[in-house]
Amino acid sequence: MVSCLEKAATIYSGIGLTFNLADCHEQIGRTASAWAGFHDTAAAADIEGQRNRAQVARQRAAALVPKLSLLRLVVSADAAAVSNLQVHREGVAVGRLLWGKSVPVDPGTYVISATATGREPWNTSVIVNEPGAVIAIDVPVLKPAQSKHAISRLPQRGSSAETVSGSSAFRTGIVTGSAVVSAVALEIAVGFTMAANGQPILFTVRSVPIRRQP
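Position one of the sequence shown corresponds to residue 1 (our numbering), numbered consecutively onward.
Since the hints were made in silico from the structure, they are not lab data. Don't take each hint at face value.
[What the hints assert, rightly or not] Just the calculated beta-carbon pair ranges, DEER-fashion:
1) G100 <-> Q50: 30 to 38 Å
2) G29 <-> V74: 25 to 33 Å
3) L17 <-> K67: 21 to 29 Å
4) G14 <-> K143: 45 to 53 Å
5) N52 <-> G118: 50 to 58 Å
6) P140 <-> A62: 50 to 58 Å
7) G16 <-> A80: 36 to 44 Å
8) L97 <-> P121: 16 to 24 Å
9) N52 <-> T109: 33 to 41 Å
10) Q27 <-> V111: 20 to 28 Å
Keep in mind it's a predicted model, so treat the numbers as computed, not measured. We put the beta carbon where it would ideally sit given N, CA and C, even for glycine.
Make the full structure from the sequences, and use the hints.
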């Protein structure tokens with residue numbers, strides 16, 4: 001049912017279709033998609049002068065706020081200073097305006113990656129499934145890329161140099177910092193819209209205060 005509605009939404013536009021798709025997303029647990037869809041419905045209904053429908057859509061969106069799972073990608077000043085740093089979530093670029101922001105996402109597993117010119121790529125995966133919680137992932141300062149000459153001089157497996165170091169010369173996919181934090185209070189701006197691919201276009205999310213758990 002949802003796949004049919006999603007396909008229809010790429011061809012047709014309408015307040016009823018947007019509302020029904022949001023309703024279906026809520027029923028199958030895609031809370032962030034549902035929340036955004038209800039806000040889209042309310043905005044469209046306002047334009048059309050359909051106040052009652054807009055009110056219902058906003059009420060549905062507000063009811064979802066405590067159930068939202070949020071993902072925050074924390075990029076320190078040192079990490080952000082790396083030239084041409086690109087951060088991706090599931091292969092989709094996350095703009096700098098969203099770094100450090102708590103973004104509503106549908107429950108599931110997400111691959112977070114970072115790349116930059118002349119730097120070693122980094123990636124990790126994170127499970128986001130706790131309602132009302134924020135998962136914070138620290139994007140590390142990317143290490144300078146090894147030159148081909150330097151790589152050729154690395155010790156072979158089983159050599160004495162490797163035995164002394166006790167570790168491999170390269171490690172990728174290491175989570176340098178992550179924490180599950182509970183939001184005591186959460187404020188989400190209404191002006192949230194979603195692109196066709198489900199990625200946020202523009203919104204403001206502020207959660208205060210934040211308590212980090214071990």
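Status of the hints after comparison with the structure:
no. : hint                     : verdict
1   : G100 <-> Q50: 30 to 38 Å : holds, 36 Å
2   : G29 <-> V74: 25 to 33 Å  : holds, 26 Å
3   : L17 <-> K67: 21 to 29 Å  : holds, 23 Å
4   : G14 <-> K143: 45 to 53 Å : holds, 50 Å
5   : N52 <-> G118: 50 to 58 Å : holds, 57 Å
6   : P140 <-> A62: 50 to 58 Å : violated, 37 Å
7   : G16 <-> A80: 36 to 44 Å  : holds, 43 Å
8   : L97 <-> P121: 16 to 24 Å : holds, 23 Å
9   : N52 <-> T109: 33 to 41 Å : holds, 39 Å
10  : Q27 <-> V111: 20 to 28 Å : holds, 26 Å
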